[in-house]
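Chains A and B supply the protein sequences, listed in that same order. To get this note's numbering, take the position in the first sequence, counting from 1, and add 9. To get this note's numbering, take the position in the second sequence, counting from 1, and add 9.
If you're looking for bench data, these hints aren't it; they were derived computationally from the structure. A few of these clues could be false.
Intra- or inter-copy, both count: the list cannot distinguish identical chains.
Unchecked claim - Taking lysine-lysine pairs in the BS3-like style, the calculated list, with each CA pair at most 27 Å apart, reads:
(1) Lys335 / Lys133
(2) Lys386 / Lys222
(3) Lys238 / Lys225
(4) Lys266 / Lys87
(5) Lys131 / Lys324
(6) Lys238 / Lys337
(7) Lys324 / Lys242
(8) Lys85 / Lys225
There are 2 protein chains.
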Amino acid sequence: MRKDYLLTPGPSQVPAEVLLRLAEPVFHHRTPRFKDMYKSLTEKLQQVFLTKSDVLVFASSGTGAMETSVVNLIPKGKKALTIESGKFGERWTEICAAFGIEHDVIKVEWGKAVKPADVEKKLKDDPNIAAVYATLVETSTGVEHPIKELGAIVARTNAILVVDGISGAGANELRVDDWHVDILVVGSQKALMLPPGLAVMTVSPKAKALTEKVVKAPAYYFDLKAALKAAGKSDTPYTPALTLMSALDVAVAELLKEGMENVFARHAKFAKAARAGFEAMGLKVYPERPATALTTVLMPEGIDGEEVRNIAEKKYGVNIAGGQEKLKGKVVRMAHMGYVGPMDIIIGLAALEMALAEKGVKITLGSGVAAAEAVLKQ
Amino acid sequence: MRKDYLLTPGPSQVPAEVLLRLAEPVFHHRTPRFKDMYKSLTEKLQQVFLTKSDVLVFASSGTGAMETSVVNLIPKGKKALTIESGKFGERWTEICAAFGIEHDVIKVEWGKAVKPADVEKKLKDDPNIAAVYATLVETSTGVEHPIKELGAIVARTNAILVVDGISGAGANELRVDDWHVDILVVGSQKALMLPPGLAVMTVSPKAKALTEKVVKAPAYYFDLKAALKAAGKSDTPYTPALTLMSALDVAVAELLKEGMENVFARHAKFAKAARAGFEAMGLKVYPERPATALTTVLMPEGIDGEEVRNIAEKKYGVNIAGGQEKLKGKVVRMAHMGYVGPMDIIIGLAALEMALAEKGVKITLGSGVAAAEAVLKQ
Numbered sequence: 010m011r012k013d014y015l016l017t018p019g020p021s022q023v024p025a026e027v028l029l030r031l032a033e034p035v036f037h038h039r040t041p042r043f044k045d046m047y048k049s050l051t052e053k054l055q056q057v058f059l060t061k062s063d064v065l066v067f068a069s070s071g072t073g074a075m076e077t078s079v080v081n082l083i084p085k086g087k088k089a090l091t092i093e094s095g096k097f098g099e100r101w102t103e104i105c106a107a108f109g110i111e112h113d114v115i116k117v118e119w120g121k122a123v124k125p126a127d128v129e130k131k132l133k134d135d136p137n138i139a140a141v142y143a144t145l146v147e148t149s150t151g152v153e154h155p156i157k158e159l160g161a162i163v164a165r166t167n168a169i170l171v172v173d174g175i176s177g178a179g180a181n182e183l184r185v186d187d188w189h190v191d192i193l194v195v196g197s198q199k200a201l202m203l204p205p206g207l208a209v210m211t212v213s214p215k216a217k218a219l220t221e222k223v224v225k226a227p228a229y230y231f232d233l234k235a236a237l238k239a240a241g242k243s244d245t246p247y248t249p250a251l252t253l254m255s256a257l258d259v260a261v262a263e264l265l266k267e268g269m270e271n272v273f274a275r276h277a278k279f280a281k282a283a284r285a286g287f288e289a290m291g292l293k294v295y296p297e298r299p300a301t302a303l304t305t306v307l308m309p310e311g312i313d314g315e316e317v318r319n320i321a322e323k324k325y326g327v328n329i330a331g332g333q334e335k336l337k338g339k340v341v342r343m344a345h346m347g348y349v350g351p352m353d354i355i356i357g358l359a360a361l362e363m364a365l366a367e368k369g370v371k372i373t374l375g376s377g378v379a380a381a382e383a384v385l386k387q
Numbered sequence: 010m011r012k013d014y015l016l017t018p019g020p021s022q023v024p025a026e027v028l029l030r031l032a033e034p035v036f037h038h039r040t041p042r043f044k045d046m047y048k049s050l051t052e053k054l055q056q057v058f059l060t061k062s063d064v065l066v067f068a069s070s071g072t073g074a075m076e077t078s079v080v081n082l083i084p085k086g087k088k089a090l091t092i093e094s095g096k097f098g099e100r101w102t103e104i105c106a107a108f109g110i111e112h113d114v115i116k117v118e119w120g121k122a123v124k125p126a127d128v129e130k131k132l133k134d135d136p137n138i139a140a141v142y143a144t145l146v147e148t149s150t151g152v153e154h155p156i157k158e159l160g161a162i163v164a165r166t167n168a169i170l171v172v173d174g175i176s177g178a179g180a181n182e183l184r185v186d187d188w189h190v191d192i193l194v195v196g197s198q199k200a201l202m203l204p205p206g207l208a209v210m211t212v213s214p215k216a217k218a219l220t221e222k223v224v225k226a227p228a229y230y231f232d233l234k235a236a237l238k239a240a241g242k243s244d245t246p247y248t249p250a251l252t253l254m255s256a257l258d259v260a261v262a263e264l265l266k267e268g269m270e271n272v273f274a275r276h277a278k279f280a281k282a283a284r285a286g287f288e289a290m291g292l293k294v295y296p297e298r299p300a301t302a303l304t305t306v307l308m309p310e311g312i313d314g315e316e317v318r319n320i321a322e323k324k325y326g327v328n329i330a331g332g333q334e335k336l337k338g339k340v341v342r343m344a345h346m347g348y349v350g351p352m353d354i355i356i357g358l359a360a361l362e363m364a365l366a367e368k369g370v371k372i373t374l375g376s377g378v379a380a381a382e383a384v385l386k387q
């Protein structure tokens, strides 16, 4: 018997009630039953993301909705401004390049957050920027970008703000309307507590107006105008992944029952406990502006993070993520988003304490757990 | 208590064993466990489609894989040849148009199948055709196109044959390698007995070679080269819908246990029984070359098919489909693919007998069922 714990930054754990909904018999999607479910789901998602914007649900991973946000929103002669600070920020640039969409890039050092003034300057210098592409939580580094500040800046211009909230939205504090986020993209397998396979997207009136200026978007499956039109009738242009949508309805109902302010507070407390635990173990939190959804910590000099995470997984059944690309081996990343309780923090820290000790790191067993407990019991 | 029966041409019924697999706890996708599952699944899919071609699985509806087959396969200066004979054949043309891909169209009257000689002539007249886009089962009309004959013709040229087998592949006889199908696109929610949310695609060596001639495909999420490269390592470029994939593994294992020749024979028998039943009821089968996966029947003069299907659904819980676009109200479509047994044919015919009688059609109650029984008991 092996008992597994999933503390990776996506996929995340899924409550049993949600899993069981996935097993419900399939029904047809061109029916009042589907429309009712779709309507109820999108209304709930509006409450989760604190917005009156239109909500779309795609049968794709989050990357599909990112593509949708790029190819449908840059009119001829205009350009995109992408913000890169890790693997996922770079994805915005890669999508622009794949479709030959003109773009400018703000490159931020890995582990750092974007400076809002840099975005403000770019927008001032170049009135052709139609959309700014940012990331709420850069999952590869664990940085949380200052979306509220970016929103205030972009809202004063003709450009729109598009935010990849794939990791984090629904865990990190995020107020789509108050913060002037025109498009938010979210994946199902993170804070929304669902398996992978769905992407959710909110579209503000300002973003909708911009789609009208794009004469011929290179899009069919990800045609935003078609998706918005169908959504107006609680419908989808192509066959929806209705089983996942039905299960998502269960998951977001749980979030709303808790209340979004409580959801944000719960995640903030877990992040604080995780950071306190790591620091008590003598580890350094890597990013300068650490996310609420996950914590990235640097490994001590000479210790391979891949080996540490392998011990945690193989010996204790605790799945945490290693580093990606230039951070491979140098960090481990522990998620605390979605279907997470205080004991998940304890589990993650305990497994890492034992794995690090096994690798010869001088560590007081229980020290990380103790520091986390001190936060969690408050 | 209401007992429902799903006899629509997608989504189709899903066996309980498959539904329950959807409820398994989520695991991480960058792991040996995922790679093993992916490898086992794609090997099974090769056996289902009788091919040695590479198999890809996308988190999208079938339309996403159709888009993949268009945008990645027409080199600059070359063109597509699409075959239209209904709503889904037209989709090939629409995708070409959305991405500005040069294309020629063979228009076939609704209800008819394409004449292989017409395709042969086009290919002879225009050496710039790089790919022919056909449909196995045109779900909107119920026609089955002569894919084997098209394959023999296209194989003698430099062009590739791309087949939308979304409805039908896995039910209708289809031999990817023997019939020279270079790309087959399949949806999960049809004969593969899964809920919607996955698309499957087979890619022949000839099609792979053609992707290499496309310098810069307008694709990111649906980048075929990236997908093929990842699939070589039993991996996916973006987060896979692993819960659906795991359930698909259960479903295709069932097909292979039955054996594909038996699967084809079972579906052929059900199609024969359904047609015999409809004809005994005095209804005319609409298409000239009726599919094995579904039967489309014309409504008697003055009878609205939408009203008939509504009675069948509301009064008897039996979901059959109405007509689409120009066939709306004129036909009903009953699927018999996937998780279907002899009693599904009886159920569908009985519901239609009662619904038609209620609408005043002169019909001998039980006549359709009797004719179907005569076939089913053979």
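Status of the hints after comparison with the structure:
Taking the shortest Cα distances, Lys335 and Lys133 never come within 27 Å of each other, neither inside one copy (33 Å) nor across copies (53 Å). In this assembly of identical chains, Lys386 and Lys222 lie within 27 Å of each other by CA distance neither inside one copy nor across copies; the values are 53 Å within and 62 Å between. In this assembly of identical chains, Lys238 and Lys225 lie within 27 Å of each other by CA distance solely inside one copy; the values are 16 Å within and 30 Å between copies. Taking the closest pair of Cα atoms, Lys266 and Lys87 never come within 27 Å of each other, the shortest separation being 43 Å inside a single copy and 56 Å across copies.
Proximity of Lys131 and Lys324 under a CA criterion of 27 Å is satisfied in neither setting, with 50 Å inside one chain copy and 63 Å between copies. In this assembly of identical chains, the alpha carbons of Lys238 and Lys337 lie at most 27 Å apart only when taken from different copies (21 Å versus 43 Å within one copy). Proximity of Lys324 to Lys242 under the C-alpha cut-off of 27 Å is restricted to the inter-copy arrangement: shortest distance 26 Å between copies versus 51 Å within a copy. In the homo-oligomer, the alpha carbons of Lys85 and Lys225 lie at most 27 Å apart both inside one protomer (9 Å) and across protomers (19 Å), since each shortest distance falls under that limit.
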